[in-house]
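J.: Join these two chains into a complex; the hints should help.
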Amino acid sequence: MNLQFVVDGLLTGSMIGLGAIGVTLTYSILRFSNFAHGDFMAWGTYATLAVVSAIGAMVGKVAPIAPLSFGWPLIVALVVGMAFTALLALLLDKVLFARLRSQGQAIIVVMASFGASMALRSLLEFTFSSRPTYFSRAIQIAMPIGFGIRITPDQIALLMLTAVLVLGVHLLMTRTQTGRSMQALSQNAALARIVGIDVASVVRVTWVIGGALACVAGVMIGILVQIRPFMGFDMLLPMFAAAILGGIGSIPGAVLGGLIIGLAEAGAVQLIGAEWRAAVSFIILIAVLFVRPIGLFGVRER
Amino acid sequence: MSETVLDVRDLEAGYEPGVPIVRGASITVGRGEIVVVLGPNGAGKSSFIKAIAGLVPISRGTVLLDGNDITAAPAHTMVRLGLAFVPQTENIFPLMSVEDNLKVACGILERREIPARIEEMYVAFPDLVRQRRTAAGNLSGGQRQMLAVARALIVHPKVLVLDEPSAGLSPKFVSMVFEMLAGIRKSSVTILLVEQNAKAALAIGDRAYVLVEGKDRHEGVASELWNDPMIAELYLGQRPLHVEKGGAA
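Those protein sequence lines, which keep their order, are chains A and B. If you read the first sequence in our numbering, its first letter stands for residue 577, the second for the next number, and so on. If you read the second sequence in our numbering, its first letter stands for residue 3, the second for the next number, and so on.
The following block holds chain B by itself, in its conformation from the complex (with noise of 0.2 Å):
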């Protein structure tokens, strides 16, 4: 594996102090790499990465960004420290053009960079270009989502977080979004993404890891985790896991 850019360690996090939903979770996410996150239902999957976004108050573990400890650091710092989140749903500024949803999110980048790396991000997602004057609440499910990732790569983050981007789309946008992250890979962007949608990001994930009941169980290389029977069961039955991975939680 490449070097670690992403390193949780541990996290118990909640909402209500001494009621846990992440219960010890440990994933590494190296440079480059896209690392999924899966699990059933309620696992905690969308509590585990806010966590580390700083959206969820963390009680233990640590989470290392570059070797930075920025564990429970304010979610407004995120983005200095290199950590930049897309939200499931909501993740845009709905009333502002798809341009002001860009230039808001630039409040770290040097002035004079602004400009040029608001046409990079047309360059990128050149649906967004003819929109640019659109107020974002316009846009369809699949361009809200573009424009979501495009406002989180904009500040140069280390490492992108997506909440189930393929939530609530139409089957034809979760593909659209998919070959998006694909695309944003070949960029060499690192990825940690948590996904309902095991099939599609497995199939552009590089590693991926298992979260149940707040806990990591399982961690596997994308391409063998769609067929580990474990992944099978995990997905159609109720019934928890017991199998316990090595060396974690």
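Next up, chain A with everything else stripped away, as it sits in the complex (with noise of 0.2 Å):
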């Protein structure tokens, strides 16, 4: 067995894993499965691939960035993008998900989340196409690491944007008053506005961050594969097992699902064939369901 899979799966899984942060933030803390959180990260993808062109219109070409496949532009488009989907998602809480939440009825917001899903994917289609587009056609060259594994300059350097950012999204919830508010209002709602929590402003910090790492996941996705509107509906199914299989809730269990996801995909691939790349979610997703509900690093209500 070729140990290649294992950097595509951290790729993957890093995919999966920055998304699933978002699912399992609006689960724990709004109680809904956000089916929107995929078209979450194509918006965010296609917004970035916008400012990246307005800047390209502005200024001309841009070298990149020795030895990354791209330059200045795009760092700048992924934090305007982050902040565009942070927006897009409190906009769509605004206008859909917060009237819907005061009715009380759980599976009401989720189906709304699935109409919101797929108004936001004709949205790109209608204005994009369907067909796919990239930040950036040039070839890199992978290098050997040993163990017969090649890794490009590219999938460094957004492992290790992966990496930085799970670990600031930890520290914010353990560390800091908003996170721990965020665990409060997760743990129990009523109380967390008798300790003085504004149930408001915690949801929108929630969607901030969900909105803002989905934008990360799918621009990462678009470096490495190819930007299209169904690039994130497509990442739906894994970013939601990874977050059952790591524990509603937990932002380290939905990175250490996505990542296993990620391997177990990229193994499946070079296992059984690409064809049975999307079994593999649903079953890992079976099983978590079978064996430990709960997930790796959930904790059962007491």
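Everything labelled a hint here was simulated from the structure, so no lab data went into it. Note that the structure is a prediction, hence the values are computed from the model and not measured. One or more hints might be untrue.
Claimed, not checked - One-sided excerpt, in silico: chain B residues whose CB lies under 7 Å from chain A: (1) 77; (2) 78; (3) 81; (4) 92; (5) 95; (6) 102; (7) 107; (8) 109; (9) 110.
Cβ coordinates follow ideal geometry from the N, Cα and C atoms, glycine included.
T.: Shown next, in the form of structure tokens:
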């Protein structure tokens, strides 16, 4: 067996994991499965692409930062894209989810997120067509790093970015008052209000974090694979599988779940063929629900 | 009576519009006092203090705290306004450590002040110190109540409002909780308390109100109320009282 699947798996796992953080936060704090989360990824990616193009039109061609395939415009555009996706999530919450949430039936909010997902995706297809596009068409040479593994500079940079973001979110959740408020709200919303937590502001922070990370995950897919309106929707199942595998509400769990699923997918591609890739998250999801429904880092409600 | 801290006038409140559970109840709590609200099951005691804490919709009446109108203020603003509430059950965050349970309640304190304030709580509630890294869900029933009370006291509230702190506890923990409340009293914290356990509550209280069918029907000095035949009737029989106290409702 070729160990190359480890790099591929870690990369896919990073994308899944960053997306799963948003899924797990929305589920534990707002108590619904947001099926539009994948489309936040796609919107963030297209927004980033649009900003890259705009910068290109304004300042002309910018040389990439060697040895990466992209230059500073993409980095700037990513930050703008993250802010845009966070705003999109906030807007969608304000016009749709918040109103339905106040009526108190989770299933209606879930269905609404399905509808929002379709609408967002169709808008992307309408605006950008469903033809795949790319941040860069340059081919990067993968460097051998031993054990038969090859990795490109982009891949190294993105793995490092994932590590930094995950660590940052973990520290935010465990070391800051905002993070503690988010934990409190996920454990007991009524008590959270009593101890003085402004639920509306914690909900906003949740959307901002989820939206911004979804954008990063989407841009990673855009850099390493391609940009399509369905790119986020196709990530939905692995993201939910990762969030459930890791234990709902757990940030490290979502990321570890993402890496496990990414590695399992990449391994399956090598061992039994690429057509089984999607089946892997299904199988893992079902297995977790049977064996340990609370997930790796999940805790039973007491 | 000392200066009034909490002044509740003619409060009407309930979960459903047009179906009040609290029907015109009035009480006052003086600074440093422990005031107990007693009453038979279903008298609306719990709804009464939840309404004061902003958790049950109020349809009539006013709640004044130190002269400020806090009637129906959003629940999350109550600590800032000076009212800290301890619910009867589920009053801690079970998956967070004891220390994080205290920290999460410190939102209105100055950042610099927080570590010292947490240490003060550990001095006041030494049982919690050894458990500071423990998930609060693993605490005993009595320790949970201590944590819930410490969490409420940490923000220097003008009045501490407790909903049946002894409910669901074994007798050993019940006496522990009342000893704790008696201890808090010494630090001159103002307390409003709803209790089923009338005897224990009257033993530590200064004054008491008896709530029947959503109205305050009787008021008295705590130590005298226990010997009042009306209390016995209320707690033993089902028959509602027909003795109106002058001036109220």
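J.: Does the structure break any of the earlier hints, and which numbers would those be?
T.: none
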